[in-house]
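So the sequence lines, in the order shown, correspond to chains U and L. Quick note, the first sequence lines up with residues 995 to 1105 if you use this note's numbering. Quick note, the second sequence lines up with residues 96 to 209 if you use this note's numbering.
Note that these hints are calculated values from the structure, not bench results. Hints may contain errors.
[Stated by the list, open to error] Using 20 Å as the maximum straight-line C-alpha spacing, the simulated EDC-like pairs for lysine to aspartate or glutamate come out as follows:
no., chain 1, residue 1, chain 2, residue 2
1, L, Lys165, L, Glu147
2, L, Lys196, U, Asp1065
3, L, Lys150, U, Glu1020
4, L, Lys201, U, Asp1065
As the structure is a computational prediction, the values presented were derived from the model and not from experiment.
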Amino acid sequence: SQTIHQWPATLVQPVGSPLSLECTVEGTSNPNLYWYRQAAGRGLQLLFYSVGIGQISSEVPQNLSASRPQDRQFILSSKKLLLSDSGFYLCAWSVNGRALHFGNGTRLTVT
Amino acid sequence: AQTVTQSQPEMSVQEAETVTLSCTYDTSENNYYLFWYKQPPSRQMILVIRQEAYKQQNATENRFSVNFQKAAKSFSLKISDSQLGDTAMYFCASLTGANSKLTFGKGITLSVRP
């Protein structure tokens, strides 16, 4: 069966520090992968999506970047965090629209 | 570009009653999928129901069913026999086959009253 792992669950980082959030999927091949951010009490904002290794589409210009070094690995990064980067980050995968699954999310607080 | 609109920010329903959550969307694609997701206080995103645009039959999953009106680009969720555990935020979303991009509405907060 397919599973998705996202870590860490909670992260507190100072302004200006780097960021690396990781997401891995098991049990499927060539999934579409997504990074979303959700501000408190608000909807989901699509940050990046990928349809294959090394293929990253950015939806919103920002302080973040994404990479897909392996088929089932998706990484969200920042060189220098801003206060506005605080939020709840969700990784998700889908295959041909037949299934869409989310990780448990990472709560990021930038102080 | 895809857009998904949920115009109701919040709703409330009495336990055991039925409630309908509205959603409209806009897409130029012919091949797409529609979803409803539930987000309880734990913030985990849970897939409630899925509809393929080429299927005319409305999807159902136990107490959850949709009213899919393709011409009107409407995709509402009906929850029957509401339970306290249905209290959550609900998101409508669309996925197109062309660019595999998933777009969410702003969500609606549903409260089930005992």
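Here is how each hint holds up against the structure:
Distance restraint check for L:Lys165 and L:Glu147: the Cα-Cα separation of roughly 11 Å lies within the 20 Å cut-off, and the hinted pair is therefore satisfied. Proximity of L:Lys196 to U:Asp1065 is assessed by CA-CA distance (about 18 Å); at most 20 Å being required, the pair is judged to hold. Distance hint between L:Lys150 and U:Glu1020 is unfulfilled; the C-alpha atoms sit about 30 Å from each other, more than 20 Å. Under the criterion of a C-alpha separation no larger than 20 Å, the hint pairing L:Lys201 with U:Asp1065 is inconsistent with the structure, at around 30 Å.
In the structure shown, a violation is registered for the earlier hints numbered 3 and 4, in ascending order.
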